[in-house]
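*Asks:* Read off the chains here:
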Amino acid sequence: MTQEETPKEETPKEEATQEEAPPEKLTVEERFLLSPGPHLRSWYSVSRIMYIVALALIFPTAAGVYFFGFQALWVVIVAIVAAVATEYGVKKLRGRPFIMDGGAVVTGLLLGLILPPTMPLWMVAVGSVLSIAIVKEAFGGLGFNIFNPALGGRALLMAAWLVETTTWVPTRFMPDAVTTATPLNMSFVWEGSKTSLWWDLFIGNTGGSIGETSALAILVGGGLLLALGIIEWRIPLTYIGTVALLTLIWPGQDPIFHVLAGGLMLGAFFMATDYVTSPITYKGKIIFGIGCGVTTVIVRLLGGMPEGVCFSILLMNALTPIIDKYTMVRPFGLKKVRSEG
Amino acid sequence: MAIMGIRLKKKGAPHGVNLPESKFTAESPIEPLPLPEKVILPLHQNLGAPCEAVVTRGAKVLTGQKIGDSEKYVSAPIHASVSGEISGTPMVINPPTGRLIKALTVTSDGEDKWVELEVAKNPKALSVKKLLEKIREAGIVGLGGATFPTHVKLVPPKDKKIDTVILNGCECEPYITADHRVMLEYGEKVLSGLSIIKKVLSPDDVYIAIEDNKEDAIDHLEELVVAMGFKDEFKIIPLESKYPTGAEKTLIGTILGREVPIGGLPLDIGVIVQNVGTAKAIHDAIFEGKPLIERVVTVTGAVKNPKNLLVRLGTPLRSLIEYCGGIEGKANEIILGGPMMGISHYDLGFPVTKGTSCVLVKETIPVKEQECINCGRCLSVCPMHLMPTMFAKYAKAGRYDACKEAYIDSCFECGTCAYACPAHIPIVQYTKVAKSELIKRAANK
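So the protein lines, in turn, are chains A and B. My numbering numbers the first residue of the first sequence as 1 and each following residue consecutively. My numbering numbers the first residue of the second sequence as 1 and each following residue consecutively.
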């Protein structure tokens, strides 16, 4: 026992000296950083992801400018500038630090791309303000918003100025005969062959919103996001797949037309895949994609509006928390516990 | 060179991440570090109970002499790693917990006089009980980093039959090459130690799991298995290099397709995993009578000459770094262990302990935590199929019970989620906070 007592007597003394002056010749320069693990970080950061998305959106934007002229570029620029300025202003008002993480750039850019090229620029700016101030920041900012800010902004613009948000103009390369409206409108008449219609829809030579018309450009941008691991294949595939399948079995409908026309492509690759407003689990993503697809087809074929992408994604955004709740991942080792009782 | 029947088909873990390997010292032979002037031996170097000193200040000790022991079953004794005099009984910080623990300082007499090493005449004929006793007396703990006392791990409960033993040579953490070099340079000892493990547990199958970034170690052990006559006993499984393949539960899942139940141990499904360094230590204890007083440590990162060193336990980190030419370039952090699960320490006077596989010197630029953007990267990489972001969210809100319902106890803090997180959320920290809070609450009930 005596052996054990000795260290006990010693300890308080040693402890005290340790606190006053650390042992040995420890100098201030030799004190190292204490930081929590892991001490490695992957390359991805929120702002890098945002700017890659913005980069991928250059392709649909370029297609829009090519087909609709420079008025389209102005819409996009005004939308981006207004979005960033609004985010800055709201953050200052809320007393929160403003981080240029690229989120507002992506929101503004996306909003510009889902508006008609002829939209008055002041209305575009109002849309950006609504997107950021109401749909995003009022809910708490990035990470807390329930609805996709760009789609929410567009929905609010539609409520305010229905005519301006649904007035479509032909592209610079279209004959006058088809100037009526977007292909999804009831009054749309196509006089050429089916394959030439598909081709025009594919490359984007058709009336519509700035960034929605060219499926080709969207596929290039979306493919880039898939390749870089920014988005995940489940939502785009199930969304587009569901629309194709439903219109295939729906009498008198052309699935290729439905996949290529309207905002489906842009919505499926760039809007429905928005991290914040879509489910986090793989199963949830599949349910989300199918839900978007079903709603889009119902709105297009049975509803009063020509296009359903915007509202179907917003509807599924609202359901995202509950989808996540019921698609929790099965943890490793759980089943065994149950089977063993 | 592939010999039929020993090397099995390569397997890969379904989850995890590919990390930059940065194994700069893979080709560097193990160099013995010159004897330190002084060693600091914390009396708590295992996952179980702490030891009490069995020598007093001023006592003369020999290398390999027991200086700390515990009456508790789940504990492992501590031995003097140099000969000399017990010169102090300081308190040192235990990095994983941040608490102060007792330690003994031995000032070396520079002679390295060993205690008389007891080796049985025919070690292979020793009874299982005797083997376990020797393993305990040698102070052997899991050298992969967990430091669980080996003599406890090798005695499964009577109702649990162990059918498989896996020797873990994965070393999936970046930078570390200690186990790699041990397999290459002490391969015979590793296999001999493994044969002792096999004798103690008498399993049906024995697998040696090595990641495919160590092709030379796979080849070497394959040849040794044949040369040493273990051809029918040991099988080598190459694994895809990925993090955290070498984590116990992941490893078992990958190799055997069995899931360790939540809250359970590998022995619940008939498996025991041992690290290659531990196997070598078992050989040293049984065939050479040597207690665990040294280990291989990789010193790497921002040092002039990164090396693999054979280090006496208790050697201050400063000696290791100085031997490697000192810190070079920008560095502000010293990490004990690998970059993923290692723990940073502020003081170069801190000693190498049984669980120190690596000393990594690196520059860390603190990043700001952002809000979760729900990207799901943490879910897709989690080896335990958990939802790590939820732990962070719940912990921030103080909803620790919700953490428990989300199976936070299954998390072994590998850090893959926080690595992948683009919002730089320190998920592991939140998880640790929630876990310790849950333990406190359970204790208060």
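It is worth saying that the hints were derived from the structure and are not from the lab. Honestly, I wouldn't trust all of these hints.
Claimed, not checked - As a list, the in silico DSS-like pairs of lysine-lysine whose alpha-carbon atoms are at most 25 Å apart: (1) B/Lys368 x A/Lys92; (2) B/Lys404 x A/Lys325; (3) A/Lys91 x B/Lys396; (4) B/Lys432 x A/Lys325; (5) B/Lys393 x B/Lys432; (6) A/Lys283 x B/Lys368; (7) A/Lys325 x B/Lys396; (8) B/Lys38 x B/Lys130; (9) B/Lys113 x A/Lys283; (10) B/Lys393 x A/Lys91; (11) B/Lys198 x B/Lys235; (12) B/Lys368 x A/Lys91; (13) B/Lys435 x A/Lys325; (14) A/Lys325 x B/Lys393.
*Asks:* Now tell me, hint by hint, if it's right for this structure.
*Replies:* Hints versus structure:
1. B/Lys368 x A/Lys92: holds, 19 Å
2. B/Lys404 x A/Lys325: holds, 16 Å
3. A/Lys91 x B/Lys396: Since the Cα atoms of A/Lys91 and B/Lys396 sit roughly 22 Å apart, the hinted pair holds (cutoff 25 Å).
4. B/Lys432 x A/Lys325: holds, 24 Å
5. B/Lys393 x B/Lys432: holds, 13 Å
6. A/Lys283 x B/Lys368: violated, 31 Å
7. A/Lys325 x B/Lys396: holds, 19 Å
8. B/Lys38 x B/Lys130: violated, 33 Å
9. B/Lys113 x A/Lys283: Between B/Lys113 and A/Lys283 the Cα gap is close to 65 Å, so the pair fails against 25 Å, i.e. violated.
10. B/Lys393 x A/Lys91: holds, 22 Å
11. B/Lys198 x B/Lys235: holds, 13 Å
12. B/Lys368 x A/Lys91: Within the cut-off at roughly 17 Å; holds.
13. B/Lys435 x A/Lys325: Measuring from Cα to Cα gives roughly 22 Å; hence the hint holds.
14. A/Lys325 x B/Lys393: Given that 25 Å is the threshold and the Cα spacing comes to 14 Å, the pair holds.
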